[in-house]
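Engineer: Got chain A sorted already, so can you dock chain B onto it with the hints?
Residue numbers (my numbering), protein chains in the order written: chain A, 3 to 348; chain B, 3 to 348.
Watch out, some of these pointers could steer you wrong.
Identical copies look the same in the list; a pair holds intra-copy or inter-copy alike.
[As the list claims (entries may be wrong)] The list that follows gives simulated cross-link-like pairs (lysine to any residue, SDA-like), each with its CA atoms no further than 25 angstroms apart:
id, residue 1, residue 2
1, K310, S89
2, K211, D336
3, K294, H279
4, K335, P325
5, K70, T216
The hints are simulated quantities; they were obtained by calculation from the structure and are not laboratory data. Predicted model, so just to flag it, every value in this text is computed and none were measured.
2 protein chains.
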Amino acid sequence: MSYLDPKTVNRQWILNRRPQGAVVRTDFDYVEGTVPSVADGDVLVRSLYFGYDASQRIWLTEDGGYMKPIMPGEPMRCMGIGQVVESRNPDYQPGDLVEGFMSWQDYAIVRADGPMPLRHLPKADFPLSWNLGVFGVGGLTAFFGVTDGLKVKEGDTVVVSAATGATGGLACQIARLLGAKKVIGIAGGADKCRWVVENVGCDACVDYKDPTWTAKIAELAPDGVDAYFDNVGGDMLDEMFLLMAPQGRILICGAMSQGYTGVKVQGPTNYMRICTHQLTVQGILLFFYAAKIPQAAQQIGQWVMEGKLRVTENRHAGFEKAPDLLPTMFTGKDPGKLVLHVADPA
Amino acid sequence: MSYLDPKTVNRQWILNRRPQGAVVRTDFDYVEGTVPSVADGDVLVRSLYFGYDASQRIWLTEDGGYMKPIMPGEPMRCMGIGQVVESRNPDYQPGDLVEGFMSWQDYAIVRADGPMPLRHLPKADFPLSWNLGVFGVGGLTAFFGVTDGLKVKEGDTVVVSAATGATGGLACQIARLLGAKKVIGIAGGADKCRWVVENVGCDACVDYKDPTWTAKIAELAPDGVDAYFDNVGGDMLDEMFLLMAPQGRILICGAMSQGYTGVKVQGPTNYMRICTHQLTVQGILLFFYAAKIPQAAQQIGQWVMEGKLRVTENRHAGFEKAPDLLPTMFTGKDPGKLVLHVADPA
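Pulled out of the complex, with its shape left as it was, chain A reads as follows:
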């Protein structure tokens, strides 16, 4: 059985030049290639959904961050969902639905080894694309970030930036589920702030475009902030250092404000609060949690089934839109996990 129509061209969006500042649509070229042939050990996957993650911008830097950089001429890498078309790897069978590192093309040979191999998707009663969001990198990052990184516990006052984002919105809810006394979101504009309070269980949401936002957090957290989930970096992180309680914890999950243009970004000038208030600042990288992922996924699934974790998706459709959507990760988009529907499973 094959899901591959041999006449199908392999549409691709390839990187034509490394973006210097903000990523733009014209950093990518549309080309039509051939469907690759399958060597021993290989798995050929047809793309069904592309996920969008801020870390894609890091992969576009010369350094690549924690992964191999994407090179000009290569299709843009993404987390994706696909269906196995042909397999010469005993762990994958044609028809299998899988999630993992993929790229902006219809068909690709995908790596089935490494620290984050293609994972088989469970049969479940939720939309397939949720495997890129609440059951994917964003959900797991929120889970491990709030539980292990920030060690949120009963009575904590927690602040989450980019609270309308896929990760931020889940982090708010997980902090609440762990017993946080107060969860405060940060978002841009009154509409988004309202969305945060109504949808991800925050007691309050502060608009960072309001010049008095730090005073508002200080008022909401009179004893200081115990745990801060930082997706934004820049001035926001810098100001948050001054709002932390002694022995507070900060999770560096991302730096949206810096456009992820590379490793060197605006450094937090108030970092000496780490010393004077004995703060702990920690990062999060799913690679290091590989062994704990099944247990985490089970907990997340239970929360979702019980209606305790609300999932928001910002879904688009059409392969042609792939490069249009990436810049919106940094310039503002609707709340929730940004996904692009490319094809339906066979």
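Structural biologist: Just chain B now, with coordinates in the frame of chain A:
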């Protein structure tokens, strides 16, 4: 019995203006005051030794950092050793030798409460002034910083900046005692580097004035640095972020390079390595370890007695020198703990 000669004037060095940049001698005025009278609950202490700590510069800022700022007109605060002259507090008797927060004056009413009360000094076979160094803030900070903050363990590669300093030199030795595979110091100039290798058990010491210093550390630590004890901040911290191993730990103990001119200093632009390498960055403040201090002091004492922890003191004498020595904390001084001998115990 009284140790107070009623004719004695109370010499004082008071802050005349808050230093804006580097602290200078002329930020302090010499005045002669009277010996304060003792109210109920008070303890009057005669100064014997003044200790010097980089954090004194923080106390001189408007913010004060983790303590009440020193106000113009007040004697300069320091950690000190003294002898109780008169007491209306049942916990302290005339003649007692004590260590704690004191100030640049011959006689002072000192606080006997708070999170770090005056502590009684044990009778011991080592010089009294060591209570300001290896048995004082520096030694305890090195101990808790290396054990609890950095969690140094067998096989670790450890880097310590300001390795000739009172805290840094002890941190190097304690890392070694905990089983570090390699301990690398950072110091300024060939002489200081030689001193570090010969005196505090480092395998190597890198001269930060050498423009290739980062390449040298990369060569000495081919798998990356597991634990970095940062006393310097600024560019050095920034570069060290790039030299850390995945899941490495950084202790922010100080920021000598920034002259401690306030909370806002040069932020580390490479801090996103916290995210991409899942680093942990932590501060240290002794207040939070108050309950564990007796046990730590016992361990330190045992290491000293067994000859496993080498103590270096940079001792000066004469009350008049108090304000001359403070700037040398930031502009360079001989290795070891800087102390000023003011008087002998009665």
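Engineer: For every hint, state whether the structure bears it out.
Structural biologist: Now the hints, each set against the structure:
| no. | hint | verdict |
| --- | --- | --- |
| 1 | K310 <-> S89 | neither (38 angstroms within a copy, 61 angstroms between copies) |
| 2 | K211 <-> D336 | within (17 angstroms within a copy, 50 angstroms between copies) |
| 3 | K294 <-> H279 | between (31 angstroms within a copy, 18 angstroms between copies) |
| 4 | K335 <-> P325 | within (14 angstroms within a copy, 58 angstroms between copies) |
| 5 | K70 <-> T216 | between (38 angstroms within a copy, 23 angstroms between copies) |
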